[in-house]
Structure formats: C-alpha cells, structure tokens
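Undergrad: Given chain A, put chains B and C in place with the hints provided.
Protein chains in written order, with numbering that gives the first Met the number 0: chain A, 0 to 512; chain B, 0 to 315; chain C, 0 to 373.
Don't take each hint at face value.
Per the computed footprint, the stretches of chain A lying under chain C, defined by three or more beta-carbons under 8 Å from a beta-carbon of chain C, are [claimed, not checked]:
no., segment
1, 342–349
2, 352–365
3, 374–387
Read the hints as simulated data drawn from the structure, not as lab findings.
For clarity, every value in this text was computed on a predicted model and none was experimentally measured.
We treat Cβ as the ideally placed atom computed from N, Cα and C, and that holds for glycine.
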Amino acid sequence: MQTSKAQISSLQLEGVTKRFPGVLACDHVSIEVKAGQILALVGENGAGKSTLMNILMGLYQPDEGRILINGHETRFRSPNDAYACGIGMVHQHFMLVPNLTVTENVALGSKDFQSLLNLNLKGARRRIAEVSERYGLPVHADAYVDQLSVGEQQRVELVKTLCFGTRFLILDEPTSALTPQETDELINLLKRMSGDLSIIFISHKLNEVKALSDTVTVLRRGTVVYRGNTKDNSSQDLAALMTGHEVNLPHNACEDGCGNVLVSIKDLKVKSDRGNLALDGLSLDIRAGEILGLAGVSGNGQRELADVLAGLRKSVSGSVLLEEQNLLGKSPREIIDAGFGYIPEDRHDEGIVPSFSIRENLILKDFGTPRFRKGPFLRLKESEKNAEDLVHRFDVRCSSRETAAGSLSGGNIQKVILARELARQPKALVSVYPTRGLDMGASEFIHTKLLELRASGVAILLISEELEEIMNLSDRIAVIYKGRIVKILESGEATRPRLGLLMAGVKDDGGAA
Amino acid sequence: MNPIDLVLNILTIGVPFSVALLLASTGEMFNQRAGIFNLGCEGIMAMGAFLAFLPPFFLKDALSPAMSNMVGLSIAVLAGAVLGILFAVVTIFFRAPQGIAGIGLQMLGVGIAGTLFRHFVGGVTGVPGIANFPIPFLSKIPFLGPVLFDLNPVAYFAFLLVPISWFILFKTPWGLRVRAVGTHPRAADTMGINVARVRFQALALGGAFAGLAGAYLSLCQAKMFADDLVAGRGFIAVALVYFGRWHPLGILGGSLLFSIAQSFQLSVQVWGIDFPYEFAVMLPYVLVIVVLALTRKSNKRSPAALGKPYNREKRV
Amino acid sequence: MRESAYLVFIILGAIVAAVGMGAIVLKLIGVNPFDVYKVILTEPLKDIYGITEILVRTSPLVFIALGIAIAFRSGILNIGAEGQMQIGIISAAAIALAFPELPKPILLPMVLITGAVGGALWGGIAGYLKARMGVNEILSTVMLNYIAAQVYGFLLRGPMIDPEELTVGSGTPQTIRLPRTAWLDRLIPGTRLHTGLILALVMAVLVYLLLWRTTTGFRLRASGAEPRAARFAGIHVERSLVIAMLFSGGFAGLAGAVELTGVHRRAIEAISSGYGFSGIVVALFGGLHPAFIIPSAIFFGLLLIGADMTQRAMAVPANMVLVLQGAIILSIVSAKTFLNDPYTKDRFMRRMASFRLPRRKKKTVSGLGQGGPL
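This is chain A alone, in the form it adopts within the complex (with noise of 0.2 Å):
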C-alpha cells in the first residue's frame, strides 16, 4: 500500500446488491460521498450499513452493482485494492492481532516495512510516531495489543489505519465500546480530520449523527430510504425513517413497588482467562420484580460477572444467594434448578445448538423432566406439543418445528431462548446483551417481554452496552467499574452524563451532573 493517492474527490456505490444464504442485505444500495464531507449511514442493526462497508473496503463482493471512484468504475477483489485507493476502515470489531504489538499489527498491513527477508519495525514505529503527533492520538507502539484497553485498542485501530495512507476514511459503529465522555472527544477528533480526509460513519446512534454529519443516508433492511443533509432533520424524523414507524419501546414506568431482595451478591472475586481479577469484591443486590440494569464499558467484567451466575466460572471468594440458598460453586444444572434463567450474549452458539430443531432447543433444559421423559426415553409427543404452544405464544416466525434453529433470524432466535426460559417460571434472569444486533420490532418484543416478567415477580439482571436499552427498561442501574460496583442510581436519577462519568471511574459526589 503506497502512503500517498490522488486525493478522492467523490466515491460513489451505485445499485449494490449482497445477498448471503437466506438473507438479502443490500438491494440496490447507492450512496454518494465528496471530498471533505462527512457522511452518517445510518439504520437499525441488519439494516445493512455494515455489509455496504465492507463490500467498499474488498471484503465481500457485491453480487451487482458498481463502485466508482472520482467518476471512474473500480472493482475492489480484496482489501488491497481498497487501500491503494486510499480507503481505510475502523472496525466495530477491532481488527488487530493480540498477540502482536501494535508496531507489528502496523508494519503487518504495510509493503513498505516488509521487503523479503527485512521486517523493518523502526520504520513503523516511526510513522506511528508521526501519525500519533499529526492527530493527537497517542498510542504505546510497543504493547501488544491484548494487554490495551478497549478504549485504547480503538485508539490503534485509528492509528494503524492511517498509518496505511488512508484518505477516505470509514466508521463503523465508533462509539459502541466508550463513555459518553470518550465518544465527544472522538466526534471532536473526527470533525477536526474532516479537513484532510472525506469520512463515511456508521452509526444508530441519532445523536452523535447529529452532532458530527454533514449529510445522511437511511437505510432500512438493505433499501435506501433516504438521502439528505443533516441539519435539516431531526432526531425523530431519523428515527421514524429508521424504523418505518413511530418508535415506541416501552419505557418501565416504575409504578409498583419491588419486593424483598430475592439475589444476593456479596464480596464476590473471580479471575479473569489472564489471571488478575475480573471481579473484585462485587456486591449487589436485586429484588423480586425489579429490573436490575449493570451498565459499564465492556470489559470490567461482566462477562465474568455473568458466567459465575450461570456456573460456568469459578469463583476465589463470596456468595451469590437465591432465597438464602448459596449458589456459588454449584454447577450450571443446579443453578437453572433452583430457579436461575439465563440468556446468554451469544445466543447463537451460547442460547441454542444451532443444528438441533427449534422443537429440540424448547427443552434444551428440560429434557430430564418427568414432563418430557419416561424413565430413560424422551416424551416425543409432549416435546412436539410444547414446542406447539410456545412457537404460537412468542411468534416464532418458521417454516416448522423441526427446522434448525441456528438458520433462523436473530430476532427469532432470540425468541425461542425467551420462550424456554420464560415457561420454566424462572425466579431470577439474567440477561445480557439480549437486543445485540436485533432491530426495533425484535427489540420491542423482547423488552415487552422482560417488563411482563417484571411485573409476575422476577428478579431481573440486565447487562447492556445500550445506556439507551438501560436507563429505559431498568428500575435501578448499578455502574460496573474495574469489577467493582461504583454506585447505585435509581431510575429517576440516572441522566446519560451521570452515568458516563461514573463508566469511566469518576467518583461521583451525587446530585446534579
């Protein structure tokens, strides 16, 4: 990848079509950006923006459809191509090798510091240095890249790409993994950039669209429906062509009081896969219908929080209580036995056996029932009459029962989890992540969902990266920070740059923000 190119006057996707097994993600896409611009692709999660980004950038090739540069048609058949172009991308998932420093992740992408024999690290280690300086971006040239923050990796991932001369420079999903406090200086960062480079972002989310684009691209489920400046929208009319609709998630009103603390984390320490500790003297506690939100930057350790409460971690030291009974330690089967329900954050490998029916995954659980088995045998029919039941109650959209669950749509998927965990009457859920990738309408459902069971009595956990999904569904939100819980806010209480800071370890002296 040569460092300079002819400066990109304006890019165009014209009629791109991608389609991959059973799904259609683009359908006649065509976007238009011009130099110095900074353009908002903006959509619910499966809208496409992602798909449309990486067909840009050589990954995936466009089943029709063409890509023109300065007016001329180019075809990108991988990422090289993209990057003699000048085209860069920052990844939602950052694309770094961890076990590599971030000098090595540079001079890997880069035929100027590779030449047969040579690997030439100084030469890297300079350019990061200069790129660095240029930007106001400062990065460890030396660490690897496993041993850095989220916040950091981010960093690098920025730095590296235009350390390979990037001159068109893409988004996506930038702000998903930081603080409302981090995500302003990125805006900031990426409004003085615009000077030099022409920017595509990729974003759902309305206000950060607003505060950084000059124009704005709708799309919805892999249609383009709008095309405009920014300033002469608002927030809600984005919203709306989003969505299709007016959008109503439910809010939790807060209404009934909560009852008696039905979970109980006390002193709870566990390591991380590293060694140290993830967690480190965590307590909480959650009451019988209420919905308890754990909102941190990912990484503080609610992955491990999450695997201790479905037994899949070990712990050094605490106790999780369910109605006075100790659970800690116990294996996963007693844990859903005593009452525990649990919605996993990957829902296609973590919540159903992808090859398995959807009939089967209803009593993935449940299968050692006296309900569903007779002696060593399982009760076909009754699994077919619950699998019946439960596909009408949650809408389960399939063609049969007995279809692979891992072929169906996240939303559905995610449905078939709720409903197995929903009809065992679990006493407490935990859930994490649960609307990841889902747009509006799967979302709503889940949320109507966790507020009914809200109001049967259940102690509810949620663990979201969304402060959006938080502050709306959560009656409390405790605030995880380098595996200890910094504070507690009631609903009423918790405003965006309350929680932001307190994501971030600042102390918070209560009040106003």
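TA: Coordinates of chains B and C only, in the frame set by chain A:
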C-alpha cells in the same frame, strides 16, 4: 556400567533418533502457527521415506551413490510439499475438518507408499544410504565430540533449522504473516494479507519438512524401507508441537526427550537388562500421552485460530 | 428440486475424486484400474461363499461404525477402534480360556460382555484424558492403538500363548482354541457366516434408539453439536465425552469379541486387520447414522473381499485398500463440508440458476431471513 558411559550411550543413540522428529515437528509448527494442524504428517513421512529410498535402490548402477541420494532427498522433499498442498486444498478450499482430513491423508500416504513398495521393491532390502560426516576437529572433543559432531549431514541441517526457523517465524515479514493468519485471520485479511496463500505456503513448507524427515528415516537412520518404518513418529511430531508450545526451542527439547524414549528399547538391549521387548517399544507412546496430559492447555501460546477454517464471505 | 441436484452433484464429485485417486495409484503399478474395480465390485458376488464372506466382514464393521458414530456425534473423534478391538479380543479370550467348564448360555454372553468392557475401558482412558485434561483425543487414541498392539503382542507371545506352539509347533503367537461353549454359531454350514451378524443388526436399532430417543442420547448429541450451549443448558459435557468413549470403545471391543468367537475361535495375530480404521470410513460413508451404516458396512465388506481377490489374482498389494480408504475419507469430508456450508451452497445454487431462462430469474432472488419481517 558407569553413569557417564550410560549417559553417553543414551545420547549417542538418542541424538540421531531425534532428527526425524525434529524435522517433522518443525514443519508442523509452521502449519499450526498458520492455524492448521496436519495429522497426515505420518503419511507424508511414509511417502518421503519410500521416495527417498527408491532412487538409490533402482539407480544404483546408473548413478553414483551420492547423486542417487541427492535425487532421493529431492524427490522426498518435493513430494512432501505436494502432499502438503493437497492437504491445503482439502482444508482451505473445501474447509474440511482438519482432524479427520489428516487421518485420511495419513491413510493415503501410508497406503501409497506401501503399495508402491510392495510392487516395485518387494521385500525388505537395504541401501548404503547417507553416511555420517564427522566434523573435523570438533568430533574429536572427548565425550561430547562423537555425540554431537559425528552425525549425518541431514542431521546437521535439522539442528541448524532450529535457529533458522526461529528467525523465519519471528524476524521476517512472512513469519509475521504466518503468526497473524493463525491468530486472527480476519484482521490479517482486512490488512491486505491473502490468508489462503499464506496457509498454503505454510502447509507446503511443513509438508516438505515432513518429507525430508521421512527421507532421513530411510536413507540415514534405518538405511532401508519397511511398512512400519515411521511407526507413529508423524503423530508424535504433531503432539510435540503442542508440547513445545509452538516454539522451535521447545520442539527441540521435546524431540530429544522423545527420541531418548524411543531409543530406550535399543539401549536396554545394550545394557543387557531383561526388560520385556514390547514394553520398551511402548514407552514413547505412553510418554506422549503423559506429556499431553501434563501440558496445561495454555491459552496464551496456542494460535487462537488453530483448527478453525476461515471464510471471508462469512457474515460477521 | 435444485437442492437434490446439488446433493447429487457433490456426491458424484466425491466418488469420482476417490475413484480417480485410486486409479492413479493403480496406473503407477501398471494395472488397469477398470479391471481392478470390476473385480472388486463383481467377483465376490459370484458365489454363495463370496457373499457370506462379505457378510462376515460386515459384522465387525457395523459394530465399530456404530461406536464411531456415537463418538463423532458426541464431539469426540475416536481413532482408537483398532486398539480397543484388540483389547476386547484379548480380554474376551482370557475369560473364555479361564472358565471352559461353564455352560454356553452363561459363558458366551460373559465372553462377549468382557470384550465390550475391555474395549470400553480402553476407550474410556482417552475420554477421561480429554474430559479432565483437555488432551486431544485423536492423538491419545492413536497412541493407545500403538500401546494396545504391544500389549496384545506381549500377551499373545507370552502368558497366553498356546503351550503346544512352544513345544511342538512353530512358535506362532496364538492362543489355544476356545472351548466350544464360547463359540458363536454358524448360520450357514460350510461358511463362516455367524450369528454375530444378527447381533450387529440388533445393535444398530438400539443405537438409533439411544441417540434419538433417550435422554442420554440427547445429552451426547447436544455436547457434540454445540458444547457451549450444552453447558449453558446444564448438560455435563465432560461426562458426556467419557460416556461416549465408553460406548465407542465398548462397541469396538464387542466387535473384537464377536470376531473372536464367531470366526477365528482363537486369538491370533492380525486378527483386527485394520477393521478399526475401515470402521471409521464406514461410519463416515454412512453419514454417522445406523440406518445407512448397515449398507455402508456391506459395501465396504465387498470392497475388502474384492481387494483380497485382486491381491491374489492381479498382484495388487493389500495396501491398496488403505489408499482407497484414505481417498474416500478425503473426498467425503470435503464433500460433506461443501454440502453443509450454506455459503457455498448458496453460491452454487445461484450459479446453477443463472443457467436457466431469464424469465425464471425472478424466483432466485432470495427473500429476507427465514424469520421474515418481525
């Protein structure tokens, strides 16, 4: 027998025995660092052993011994690379599961070597093979001289390969690419690296080394070919890569350890100890299991993408 | 309609690839591949003895393939059937020779069960190693094969050898003949076809019931299909691995015991003769399903007998069987992944569709996800 003689005896037998394991295992290290484990190593070694043996056997009248040995070695290395590429096609292009595909390759290699052997050669016959080459002066050092410096030329190459492969893997751009591809292939892909091509190259290299390892067995060590010549060394080589934590030094240590176990059956005879033959033969295989059981599944060292096929078109 | 065309295309491709690889090797040794394949596929069927010999081979293949199917579906790749079979044989022989005075209804089941238990324990070692210590099961079972071979050889040459061989015989490593009370009956006099075949067919039915109709089978299949989800659901994945290996090794051991009591009636060298590996190919070819394993085993029985015949009649070395099996494995796993990979399937279907008339093109635009709009 006094202790010094004992140790020297073990080393004298053990060090040459380690060469085949070292070569095959180093090759497999490149494979696994790139993300693919090739259990067909055993089959490639069998093919290499047979093909290296063939020219000296057939052409002993037409060519000088040195020439026919060279031809044999070259064919073995080439065939190894070809088989490595065949495996690459199956596991990269077809994205077949690597474990079973490896067993398939093993059967294929062992089967072809045995079939051709029985047809072209018939019975077990010896060849002069490649003689040892004592390094002048160094081999005269008391005690260690004959052990370390009176070895086969291929053996010297194998030991030199340890620092060379270290350099390739950690100091060259290609090595960097291999490590990236075996850990986070999608990241490498987004940076413009052709993941499939790097893996193909690694597998070809690994296959070539496995072929050379087989050639060593037939031309330098046993100086003949038989159906059961490889006797599981290919599998042991794959296990060695885990044991050696995917690092050339670890693999060197592991090869020496296992070869000493393998040479145990010979040593026992020399010492005149009445030990059941079968249990001596069993030793290296038991050792592999023990070693695998004791090696903690170290998350940090193993290439994160090992065993997982990569599909760029997959919707992330 | 297009789905089945895709299936047929891939399977044909796999068969052609395997046959082709074998043909290349045959050409190298100067034999006409077509003649060889013809002999393999037709010669054994020419008389009743040939057909019964095919069924004699089928019986151990079915047992082993059933065990392999259980293991593979549970997520554990058992390559150790060969060694498990040998341990099964030697334990069965030991019991048969130790209690010659027991009546047949007691001794014969005891012998068969001992064989199964021996194989199960041998397989269980690998299962335990994987479950508790994360040891790669392909490596451990392969190593256990080598170890079992040595144990078998040691016992056969040593403590269990027929004393007569040492005194008046040629020292061939083999045990004395088993007592008649430990023999499986012959089904057709004059042939070697024995009642073990019936047992094999019964076992196939039982394995089907086990995997798809019992809670144990559910656990095994879930652990194999997606261990992460299985763990979240409270299934003890590690325990399932061990159970799967016990079953798998048990079937291999049973195969050995049946082969011992039905065919040879004494433990000899090379008694397992590669069944352990052939069984893997049979299982894969049979799609890891009992219903298809039976015809698959019959087909491979045919292959093995046919290969024997080509060895005698056409000087094709016995290792050729290994070549064919290796080629078949490579072809099957490549084809299977192609078949199951939704991306290649999708691309293939669309390419096929583009060969049709334009007015059909509308049909090929895939709709939205299976779930449809929410």
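Undergrad: Are the hints correct? Go through all of them and say.
TA: So, going through the hints one by one against the coordinates:
1. 342–349: holds (count 4)
2. 352–365: Contact hint for the segment 352–365 of chain A vs chain C: holds, 7 residues under 8 Å.
3. 374–387: n = 4 at 8 Å, threshold three: holds.
When each numbered hint is compared with the structure, no violation occurs for any of them.
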